[in-house]
Amino acid sequence: MSIASLPMGRRAARSPFARRSSARRAAADRALPAPAGTTLADLRAGDLVQVTAVDDGSDPAVTRRLLDLGFTPGAEVRMVRRAPMADPVVFRVAGYDVALRRVQARCITVGPAS
Amino acid sequence: MSHAAPLVPVHPERVPDRPDLLRWAVPAGSLPFVGEPRAVPQPLGDLLADGTLAGPVLVEPTAVVLAVGAGRSWAAVGAGVRGALQEALARPGEWEAPGDADPDDRLRRAVEQVVAGEVGDYVRSHGGRIEVVGARDGRVEVGMAGTCVGCPASRATLTGRFETAVRALYPELREVVRRDQAEPDDTGQGRRLLPLFARDR
Amino acid sequence: MTCGPHEAGGSSRGSSGVAVLDLPRVALVGSPNSGKTTLFNALTGLRAKTGNYPGVTVTRYEGPVDTPAGEVVLEDLPGTYSLAAISPDEQIVVDVLDPSHGGTQTPQALVVTLDATTLRRSLGMLAQVLQADLPVCVVLTFTDELVRRQGVLDTAAFARALGVPVVSVVSGRRAQLGELRELLGRPQDWERTPVPPPIDPLEVPSWIESVLRAGRYVLPQVDERTRRVDAVLLHPFWGTIVFFATMFAFFQVIFTVAAPVQGWIEQLFAFLGDQVDAHVGNRWLASFLADGLLGGVGGVVVFLPQIALLFVLISLMEGAGYMARAAFLMDRVMSRAGLEGRAFVALLSSLACAIPGIMATRTLPSMRDRVATMMGAPLMTCSARLPVYVLLIGLLVAPGARVGPFGAQGVIMFVLYVVGALSAMGSAWLFSRLGRRSGPLLPFYMEMPPYRVPSLRSVVLAVWDACRGFLRKVTKIILGTTVVLWLLLNLPAPSTTELAAAGVDPGDRTAVSSYTIDHSAAAAVGRFIEPVFEPQGFDWRIDVGVLASLSAREVFVATLGQVAAAENPDDPADTLKQMTVQSGPRAGEPLFTAPVLAALLVFFLYALQCTSTIGVLRRESGSWKWPAIAFGYLFAVAWTMSYLTAVVVGAVT
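Chains as they are written, first to last, in the working numbering: chain A, 1 to 114; chain B, 1 to 201; chain C, 1 to 653.
This is chain A alone, in the form it adopts within the complex:
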């Protein structure tokens, strides 16, 4: 069973964010609001979102590094895949793939992609 054959509607209902096929964006999905406080750690494979805020409460060095890695407010991020035991997670941002642990991904708040 290929991914394409999964009913898009059901998957969209599970995830708060616009799910994109490589071809085009579903206008209906764009209208879905994002629950407050959603972070990169909450995404599912294929989700496309936009960064709204980056904050590691305890360590400004981590925040700065995440910004330097491309997770700036307004940047588009796509969740690519998880490791077999759910951690770490690969994201596509700024044109490249980067793996983050969930504890770091939790610092990055996101909203629907514009």
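Take these hints with a grain of salt, some might be off.
Claimed, not checked - Chain A is faced by these chain C residues, among others (derived, beta-carbon under 7 Å): (1) R120; (2) T240; (3) F328; (4) D331; (5) F444.
Said to hold, decoys possible - Now the stretches of chain C that chain A is said to cover, found in silico as 3 or more residues with beta-carbon under 8 Å: (6) 77-87; (7) 194-205.
In short, the hints are calculated from the structure, not lab data.
From the three backbone atoms N, C-alpha and C, an ideal C-beta is built for every residue, glycine too.
With the hints as your guide, set chains B and C onto chain A.
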């Protein structure tokens, strides 16, 4: 760390032979006019007032040309100017167009820039010519002369390169229309053999 | 046209013609995976030198580059994603770029490598570098990949937007370097950016966006090839299978492919030893040369095939991009021990030998992780322990003994491996926790680069560099220790009169060496420290073996062999079984009882008996502190655990 509105993307480029000027690239369509504005938003106005910037401020389709004040250097004031410019561009309503402004000035200037620039160079290098006949209301009429007449690639050049280049400077472009200007004694063969001798009408 | 100010301390050459110290210096800056080191190797090749930055264990690479205007020294700075440094490597880059930092030399110009396929992120790094008041030149790498993946960049417009020279280079094409070499010759002529980019990381994206628009940048499509391969290699089920198969092959290659080469080296040294024996008249000198010097050097050189092979495999995996995938898959498991995914490869290589494993910790960006992994690596069951295990297990259980369906000997060996691995993880966890206060908690992130064909030149140079460094530093230590041990085992040399008085025939070499060992300084030491290991039931002969094996574990077998052969040259193995305790409460009883053997096994499992490892720990961690700590705490643990084992096994049997 988050902020409300994204900053307007700008960056400075040097102007040949004028070290006091910098052409600050701005997104196409940031301002609805070209030329020297009658008034600018306060952030820029303040810099003009205190001598950081010297007038005039010149607006192009995708750039704002600024001059640094006497006795100042761009290296020192550049960061502040950038911030002020971004602020100013975020308030397009506070700019006042030049007095004799025509709403189509921007389009006309964009087309002139394209003809004078890379696309024009490309056409001229093949012995052709593009001339602007009219630019109004998002619609541009051009004439192609020289080797362009009868050239099978001329339509592709027009729609492909020319239109793309103009649209990059003027996003609201609706269409580009061609009006051929045939030379009276022209034969297709002669054109190809004597590209350098295309005569003016 | 702008002309940057001529930098102070530039390329002036003294009137006397002595110019070496004044060669212009250019530094290479860029993020990891941006093709920076490949470029460095292409420009400097074998002429690069390695060294260390003062005070830290970050390796320093610099080499001469020929330009039309003369020679220039190019320094390859550690790869970094940002000048907001969070590790010692990155701090080096900041220090070198800082003219007021006394410990490092600031270059006259900078070359920044930007991966053309990841410009939106890499321009952030350029924005920071442009803050330095130095001429900058940009080298765009992987432009061929950009085009292949339908990306677009107008290089000329891009250069105008940046205000600095931009050169496009495809790795492996030496012809294109001409333009770059020409630029490197005249950094003072490079165009400088009129206004530095914004500093605030929240303002930089708008600058990046503007520059990319000017360059008409089209982001390349996701690399289809990589996506398809990753669909398998990172698949929860298949990916894990492939991963373990790869790791198994990795480990097997190091073991089995290196073994024959190691055999040849051992043969070579044995041959040399025989030559010495045959041609050097003075027996004392011959023994010193053969056993001491040759043994020492041979003991070091024998590691080379493993190290070379390990680094070839690691370089290939790293260059192709699979290393990141392996670390990604193992990160969760490693994080339980307070480590990260990349530590897995280092620990795995330690199964062959802790030395290349410890050297492999260089791939870990965090110093804390590096130290923790280095502390754990010696506990992985290395190949040197095998001869000892085989000998002792052979004494402990008969070959045919079985535990259920499995051979008892195999089971014990497996248990030893598992205990070793768990102890390694535990030790790493412990040191990671202890190091919590000493360093910042480095956030884990890892770029997953597209799969690329690794540059052969870079692989060769990496291996060459690793082997050279190993030989240079470690030889001093191994050689020194082996010589000292030799001296202890062979002095005082008994005179003929002494031998006659003891009833030993001076012509009988075995008897003489047996007598020598019995009365050597080492034996004196052995008897002296007998109380230390008395609870475990070791006697002075075992103690001498343990002492001797401090240089290398296999020496234990050799020493026991020497002692046994001295008593009975025909059947040393049998002799060992028959050996009896010489004095004390157990006199007359067999020496190698089950508790003694078990205690010995456990002792060898934990103790750090390898001066080579100590030498490498010193080199890779930068001071004697960590090897001393490792040796000390491992000895304590080994002693305690072997005592407990002796007690438990004694109670059970």
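Right, here's what the structure says about each hint:
Nearest Cβ of chain A to the Cβ of R120 (chain C): about 4 Å, under the 7 Å cut. The hint holds. At about 6 Å, the closest approach between the beta carbon of T240 (chain C) and any beta carbon in chain A falls short of 7 Å, and the interface hint on this residue holds. Evaluation of the F328 (chain C) hint against chain A yields a held restraint, the C-beta minimum of about 5 Å falling below 7 Å. Taking 7 Å as the C-beta contact cut-off toward chain A, the hint placing D331 (chain C) at the interface holds, the least distance being around 5 Å.
This hint holds: F444 (chain C) has a C-beta 5 Å from the nearest C-beta of chain A, less than the 7 Å allowed. With a threshold of 8 Å between beta carbons, the proposed coverage of the segment 77-87 of chain C by chain A holds, since 4 of its residues qualify and at least three are required. Counting residues of the segment 194-205 of chain C whose beta carbon lies closer than 8 Å to any beta carbon of chain A gives 4, which reaches the threshold of three, so the coverage claim holds.
This entry satisfies every hint, going by the numbered hints stated previously.
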